[in-house]
Structure formats: C-alpha cells, structure tokens
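J.: Chains as they are written, first to last, in our numbering: chain A, 499 to 1212; chain B, 207 to 773.
Fair warning: there could be bad hints in the mix.
[Unchecked claim] One-sided excerpt, in silico: chain A residues whose CB lies under 7 Å from chain B:
hint, residue
1, L1109
2, A1111
3, A1112
4, R1116
5, P1118
6, R1121
7, Y1123
8, R1124
9, W1179
10, L1182
11, P1186
12, A1188
13, T1189
14, L1191
15, E1193
16, R1200
[To be verified] Keeping only pairs whose Cα atoms sit at most 25 Å apart, straight-line, the calculated DSS-like set for lysine-lysine is:
hint, chain 1, residue 1, chain 2, residue 2
17, A, K1069, A, K1032
18, A, K1180, B, K388
19, B, K513, B, K486
20, B, K486, A, K1032
These aren't lab readings, by the way, just hints derived from the structure by calculation. We put the beta carbon where it would ideally sit given N, CA and C, even for glycine.
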Amino acid sequence: MSHASIERLQRSMRWRELANALLTACPVMFALVLGGARAGQVLMGVACAALVGIIAAFWLMRRLRRISLVHVSNRLDASLIQLEDSSGLLLRDRSALGVLQGLQRQRIEDRLRQLSLPDLRAPWPWWRLAASFVIAGLIVLASGWRPAASNAIAPAIDTGASADSGTSVPVKLLGSTVAVMAPAYTGMPQREESSLDVKALQGSRLRWSVRFDAQPDAVRLQFIDGDEIAMTRNEDAWSAEFHLEQSALYRIVTQPALAPEFDRLNRLDALPDEAPQIHVSNPERSLSLREAGQDRWPLAFVVDDDFGVAQVDLRITLVQGSGEQVGVSERQLRLRPESGGELRHRTFRHVLGLSQLGLVAGDDLIVQVEVSDNREPQANRARSASFILRWPIEPDVETSGIDGLVQKVMPAYFRSQRQIIIDTEALIAQRAQLAADAFLARSDAIGVDQKILRLRYGQFLGEEFESGARPESSVHGEDEDAHANSATQQDALGGDHDHAEAPARFGNEGDVVAQFGHTHDHAEAATLLDPQTKKLLRSALSEMWQAELHLRMGEAEKALPFENRALDFIKQVQQASRIYLARVGLELPPVDESRRLSGERKDVRDRPGVLAAAESERAPIDRLYRALQGGHGADLDTFDAWLRENPRLVGDALGLRAGIDALRRQPDCLDCRTRLLDALWKELPLPPAATALRERPDEQGRHYLDLLNRQESP
Amino acid sequence: MSLQLACMVLIGIACAFGAYRNLVQATRWRWLLVAGQLLGAVLLALTLFPPSMVQAPQTLLVLTPGVDAKQLRDLDAGQLTVALPGVEVAGDWIMHTPDLAAALRTLPRVASLRVLGDGLPGRDHDAVGVRALAFEPSAAPIGFVALDFPAAVDSGVLWRVGGRVEGVPSAHVELLDRAGTKAATGNVDEQGRFQLSAISRVPGTETWRLRLLDANEAEVDVVSLPLRVRMPAALRGVILAGAPDAESKYLRRWALDAGHQIGSEIRLSRGIEQRGESVKLEPASLAEMDLLIVDERAWAGLSAREKQDIGEAIRSGLGVLLRVSAKPSAAVLAEWRELGVNLQASATKDQAQSTDTAAINLGQDRPALAIVDAGLVPLLRAEDGTLLAAWHGVGQGRIGIWLPRDSFRLQLAGQGSRYGTLWSRVFSTLARARGTREPQLPHWARVGERTQVCGLQIGADVIDPAGTQFALLVEPSDAACASWWPSSAGWNRVRDENGTWPVFVHTADEGQSLHRAETREATRQLIEPEIPAWTVATRLPRWPWFLAWLAISAPLWWLQRKLAARA
C-alpha cells in the first residue's frame, strides 16, 4: 500500500509542526509563569501563559489542518519528478479508476516503492525559536527587576509609607518568631513568640527572625522614638537583636514597603523585676515595750520576690542614754533563711538576746530588715519599717485632771530624725573610704528614710501618705494591672505628689477615693491640729524635703543643715509635747484689740470672689474623643505630641500611640477608629455633672400655666 | 330610613300595586297571580337581604413563636389550629398563616382564641377584637425579662440601670463600658432584681453592655444599653447667701466646673460682701436669669421691691431655690408661705455628724424644720422618708425649698458624681424652661420590627450606620409620627429640619428573653375579664332564594303574558 507512505509523510510533517509550536511557545509560557511567581503575581503569570498557550494551540491547529493528504501528495509530486504529477491517484480508490488511470497508478506505486521518500517536513524555524527564547529571557529578567515588571503586571498599590516604594509590589510577611532570652539570673528558659507583640522581663534580649514572601532589599526595625535597627539577612530569614530596657513600639520597615495589613505598630512590654516584699509577722507593732523579765526578742518575717531573694540583712541599732548623752551603735547581721522554703518565698526567724546586746533601761533597740534580690546588673533592694523595742524608764507622773483632754500622740518614730542626722554624719566621715557609687547608694538610702519620716509627719497635716499595701479591688484584680500598678508605685518613690498615679480603671475615679476613704484636697477634710503645731510641722516638713533632695543626690553635706533645722522644729513640737485635738473646726483670726469695739470700718472692703473653672490636665483626651466620635477631622498630631510630653497622665500611653498611628495610616479604617475610641474612653477624665434644660412649653402650655396661676391668686 | 327598610317598602308598594291590577282584571287565575306575586316579593326581599343564622362558635388554637415541645406534644389533631410565622410544626391539620387577621377572615365562626407560646406579636393585637382570649404561655424565658434605664442622660451624671432576671439562680450582672471594662457589678436578689449604676462621659452616644452571668461565671445573656448623652446646657444663675458656708462654696465650685454662669453675692458683714460677678436684682436682669438660689438670711436682706420683682419673675419663668441654713425669722417664713412654701418647726434630734465617709446619708444635718408638703412635688427625701427638698410651680416658673446643709459632704467623701448628679437634677428641675422640643424616639428599636418616631418635621429621614438614607413618611397630625422598620443594627440617625438624633437599633436576636417577656406581658394585657356573649351569625347564601324567585317569577310572567294575549 503505497498511499501508506503518503500517510507516513503526513504524519512526520504534522509531528514536526507540533514540535515547532511547542518549542516556540513553551519557553515564553514557562518564563511567564516563573516571572509571575517571582513578582508575587503567580495567578497573573499563569493566566498570561495560558493565553500564550491557547494562541499557540490555535495556530497549530490551523497548520495541522493544512497538511492534508492531498497537500502531501502535491508536495510529493513537486519534489519527485518521477511521479509524473500522479501521486494523487494513490489516494483514490482503485475500483473507481479508469483503465488508464489504473495503469498509471500501478506505475507510480512501483516507482514510489523504489524511490527513497524525500523529507517534506518544515525546516526548523531557527529565527522563531531564537526570538522565543529571547522574549522568555526578557520576561524572566523583567520580573526580577520589579518596578518595570509591576508596571506591566501588578496594579500599583500606594502604601504611603515611603516615596520610593509608591509603585512597587508590597512585601508580605510570611512568618516571624521572636526569641526572648530573659536575663540569666532569672533562670528562665529561652522562649519563642510567634507574635510580634512581646511581653518580656526588663533586661531581656530579643532576637527577631522574620520571613517575607519576596526578598526585600533592606529591612529595619523602626521604633516610635526614632531609633532604628537594621536587620541582617540570613538566607531566607531576616534577623535583629535588641536589648529590652523599657516598653516601646516598633514597626518593621522594608524596602519595598510592607503590605498595609502587616504595616502596623507592634508593642514591646518591658515587665520590671519587682523589688522584694517583706512581711514582718513578729513583732506586730512598730513600737513594743520590753516586758518585765524579757530577755529575748523574737523576730519573724517572710520575704517574697519574683525571681529569688539574694541576701537578707538585719540592721540592729542600739540607742542608749538620754538627753544630750545619746549614744548610737549599729551592727549588721546577715540572716539565713529557714530551710524548706523556696527561693522566691523565704521565711526568716531570728531571736535577739537583749542582755547580749547590752540593752538597759531607757534604751531603744531598733531593727530593720534589708533585702536584696538577685536582679542584675543592679539588685532591687527593699527595706522594712523600723521596729523598736523600748525598755521604758519609770514614767513621770502626769498632771492629773486633764487626762480626758490630753492625748499623747507623739509617735515613737519621731526620734529617727536624730538618727538620720547621725547616719549622715557617719556617712560624711566615711566618705574618704567609700567609692562614689557606694556613697551615693548609702546617701540615697538615708534619703529614703528621710522620705518615710516626712510622709509620716505629713499625715498629721492631712497630706497624702503611702502605706504599704493597698487593698486589692476584687473586681479589678487582673494580674497585669496589679503588676503595672506596683511598678509605677515603685517609680513614685522617687517622685513627689503622685496621687493620680495609675488611675484605677474601674470607670469611676470618685469611687476610688470613696473606697480608700481619704481626700486631702479639701481643707474641710484635714486633720485638726492647732495652727501653731501645724505651722511647726509644716516647717519641719519643708526642711525634710530639702534634706531628702540633697541626700538623694548624694550631697550629704548640703543635707545636714536642713536635717538639723528639721530636728529643731520637731524638738519644738516635742517640747509642746502634746497635741490638743481641737473640738471646734473653725479657727477665727486673732482679734485686733486696738480696733475692737471701736466701730472702725476703715480698710474693710468687699472681697471679690476668685473662682476659676477647673481645667483638667487630661482635657486633650476629652477633646480628641469628641472629635473622633463626631466623625470629623481629629488633630491626631497635636494629641500625639501631647502624649509624648505627658506619658504619665494616661495609663497606657504606648497603646494610645499605636492606635493613633494605625488611624493616621488608614484614616478610613472604621475598626481602627473604634479601637482608638475604646482606648481613649479608658483615659477620659470624669466630667462634672452637666445639666439639661427643661423643654419650653409651647404657646398653649404657657397660656395654661398662666391661667392656673391666675386661678390660684384670687 | 335604612336601605333595607326602603327596599322592603318599595317591594311592598310594587307588590300591592301588582295585586291591585291583578284583582281588577277579573280573570279566573287572579288569586293565583296575586299569591304568586306575594311569594315572589318575599323571595326577592330574601334575595336582597338573606337571613342570617346563628351558628355554634369555634375556638381557635393559635401557636405563636416560643411554643415549646411539651405544648406541641399535647396538641389535639381535631382542634382548629393555626400556626403563626416562626413556629415550626408539622401536621396537615395545622394551618400556617402569615398573621392572625388573615386566619380569622377565613374562619368567621371563631369566637375565642387559645394562644400557646410566647403570645401574640404586636401586629396581631388588633385582630383579636372582642374575642375571648386564653393564654397558656410556654416555659418562661431565661435571661433578662425587664430592663429599666434612661434613654438620655447628661454627661458626668450617675445613671442607673435596673431590671429583673428570670431562670438563673444566684446570678450576677456586670455593666461593661465601651472598652469592655467592668464599670459595675452586682448580685441579683432572690426576686431576680438588680440595680447598677455608672457615670456617663462625653456628650454623644455611649453603648454599654449588660451581661448576665450564672453561678459558674458563664454568660447567660448580654444586651446593649444605648445611651444618648445630651449636650450640657449653660445656665445663668445667681447665688445669694447671708454668710459664707461650705454648701455655697461647693455649689459654686460645681456650677462653675459644669459650665454654668453663676454670679454670687455672699455677705460677710454689714455692707461687706464677697461678690463673684456683679449681681443686680432688677426686672431686666431677672428676666435674663434662669435660677436664683437664695438663703433665708439673704432673703431677709432683700428689699420689698426686690422681693416683688422676684415674685413677678417667677411667674414669667424664673426658677428660685430657697435654701435654709438656719431657722428663718417669722417674717421670712410668712413671706415664703405666700410663695407657696410652707415650713413648720419640727423636732429633729441633734444629729451627730457621722465620720464614716463611705455612707453619706443626706439630710443628717438640717435645720429643725419640716416641709409641709401640700401641693409640693418632692425633690429629695431622707433615708427615713422625710421630705428634704420640694418644689411647686408658680406661673411659668418654679420655686423650690432645700433643707439639707450637708450635701457638700459628698464631695469630701469623694462622691463628686453623686453630688453633681443631685444638683444637676435640682438645677434642671427648677431652672427656666428654655429647652427645645425633642422628638420622641423609640427606646428599644429592633431590626425588622416596626417602631415609631414622633414629633418630627415633615421631610424627616433616617441615616443608617452605613450612611444610607431612608425617607420617613411623617403623618401630618399633631403627634407627627412616622413608622420605621429599621434595617441595620447600630446607631442610626433620625434627621429633620431641627436637628439630628441618634437612635440605637438592636440586632434581631439581641435581648430575646426581654422581647419574649414583653410579648407575654402584652398578650396578658389583651385578656379582657368580661367578654360579651358572642353569637356567630352567618348570612345564608343568596343564590337559592334567587333561583326560587326565578322559578316563581318565570311562570307568573308567562301566565300573565298569556292572559294578556287572551284578553
């Protein structure tokens, strides 16, 4: 069957066409898919490749259809002259042919069998193939060089973050881990956080490891205060390290910019290592009197710390003599904990032998517990209140008859102003032997004593006092808040009038005062002392302020005169020796005897009332809240600046700043607005109760009221 | 004359006329003709006005949403039953109906209804008519069944939410603010009642949430409490005091901080005064003033002319509060009696001032006087129910009396909000009525449920949270109400020419127990104790009468024609 050879020829031609088409189209398609994947537009690449493939398929179909058997026989006739233009006969049915045609067909068939068949396949389209490969190469290159590629493929996304990334493809965050390495002394293992918001102990080291879907050119961590840390690339991951000292907000900045959903402020919370807490269970009172025959003074206390108690010292001060012959001796005793307790919760018991210490009648024995934890580089120190054991001398007989009116309210710890002076003098004397740091630390410690003393005197003037534990609100007992509160409390030790510190987020600031039962900004609520005593105490307090200031700054010499003057004033109070509790609240100014009953009204004038409306220092919060709630433009920048200036006026300044940043980046984001409003709500100052106007009755109503009135009056 | 009677008379006349004519013609058939005519006339009358027949009344069983499985199990298949939308029940004898009125139209014989489930929704209330109603509620809803909270408050005031809970033993409730912080918590008492309070903040809208927790701290129910916080108003007032005291000190401080313009004149000595702003008691300045607070010593120091001017000013709208710091003189008491404020001496025991700052009971310190409450409206009562402050209207103005001397102690105890709330109420009650009229907004609107807004201007519309506007069709009457079917939950805004007011729309599934309890209560209200005897009379159909009339009339006509032809 020789027309089988024609079919064979047809087949080979068709195969060649197929190979041509595949070789031409495939490189371009492959390049499109690859380029799309590289540019982050996989779908787009696949779609383009599919388009090219479809075009190629159509083209191929057309070509294949053209290569019919007739076409092949024509080509055969054209290339082999021996076939005498008759190869077409081979395609026809033998029986349908005439006699001559049959003969010719037989001839052609014989000849074809002898002849070798020519190669009728289309030649390899070298130019086309070359062009295809060049185009493919260009596509791949273009996808690597992103800006050009994105012009062609991706729609431009303006992140607004930086000018140069305006038209680039945003980078997406694939994953991130933050390794948190707590300080070694805590003994806490390293942990991994998958979130970019991290809470870690102060002093921890943080190591970020971040992966992106496409490799950016540069990545850095940008902190809200302007600091930056460049991240380094390590194969796929970008990493950076940071030493966490205080809470901060940061964002990951890449070049080109991150996709907007990942471009947000993340939060680092530095949790402070709390100072140890001392609970003295025995003695129960700060002043105890020696009972007859008592020779031992048992002490018992418990020390708690969050990461372990390092050392506990007992400071024993023996004050002997009276009047001008007061002698003070001091010693320190390192205590060992009772066995069985864990590192964070230690129980201590110690018994002091009184005769061993040389205590005699009229002496005071003062003990104080000093504790330091194992924080590094600087240990947290805590000191308990002083506990005094007094060996009373025979009491003087009081003048009888006015016992009911007189109360001895002079507390025992009034004496410690003298103690502070003695400490200061001793410190100054030792100055030469001490390193500057140690000197400052000891001076500071004396300053703390001075502060405690000042606060205790302040109570008598209706000032604020800071006692140890606040009752924990049962409703509001979330751990975190308690943590934060005590931290700020710690800071407040250095500050002055920090009453508004860490407002309880109970929603009602007034309630807090009511709960603790203590106001001091109303003269009507102050403790009642006679003006003379008040004046003396106030003078003493202001001297103590100054003394504390200098002690805290390590200027013990400068503090000394203030301490002495404070002691003077206290002596005067003590010489008055009694405080009469006034039975009447009102103290009238002294009567001017020279004008009394003279009827002289000269120089007596109207007094202008000087009242000014109160301006809350947190008013900007209120203003921003109203503006945001009203939906009109809010001045976020001014508020942010205010927040940076006054971070202590709000509970969570960092959270607010993050919210402001989120809203500033996406002004249309309703969710961000709501979140910011929620955060602001917590900080809103309590407004004074406002009043609404009654609805004005209409014409008929007014007429009715008038008629009622007229009926009543006759 | 009714239509029926007129028709009868006409038919009668026609019949008489026909009978006369037939009788006149002396034919053999005349009596037959007359009889046929009479019969035809009767049948015609019956065709036009078919008789009605008394039928046995039926009872319809109505299944309403909330019907429980037990009630469904006890259903009787023979009973005439309809199911309202929202009831999922299968049974070929149960008729599903879009509303009750539609069902009753097809069942005219229904004279009494037996309602199972939570009761009839509002749209079906009118359909009940005078039918007897028996209501068998399903198991009581679990959660909040009653809530009482103000729709609008002033900023900075202590507002309260009270309510009742059912089905949750030893429950407690929490009031959460918009940030999700607990503002107040409280236990639910044995009757299921509770009360919480919180302080409103900024003018605008606030959405609080009330959570009901069971003994295991699991959330049982949560509802949103939408609160409109009104814009604060600045009042113009004057405080006159005969001597400086703590009350006027703290009152001035609060009024100033709250934004009021308060002038004050506090006498220190004869001719020596402490003045806040210059105070003039002349008709012109009194007409400008909203509130005058005056104590008995300052009142005694006013001239007769000034007192007369003040009396005139009250009649034209001024509010006056008479503060008593000590027992006034007889003359002052007499003058006050003329103004309608009657005080009489009372024996108050010498009150020891409590030093407990947490529990401040107002009125512990007050002069030994009692208010004679004839025609007075109470403003403040002591713990034991004694009247401490009251007011009454004089013309367009109001005059009040205030006995406590210790309200300032609230400030000292740190209860500034309680103090402010108290005085804010006093100020807004007494001060001149200058406020504008506000529309009556729905207190609890729900998605997809009809609600009504009244007091609107024509052309009002609603803007939903997404910003889409819907026009409201305001009924042109005095009430000027418009119906509204809210479509999206959250703060919608109702707007007309006078302003914009926020209205909170709850989601359809919020406060289900509350909704069910309301429906039950409303259904119980529908039960009339005495229903007049109900007779179901149905009219017989017309067509048999008509056919009978045709059957008589046709042969008569034929007979008459034949007789006429013969004649």
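J.: Starting from the hint list further up, note which numbers the structure goes against and sort them upward.
T.: Hints 4, 5, 6, 20 not satisfied by this model.
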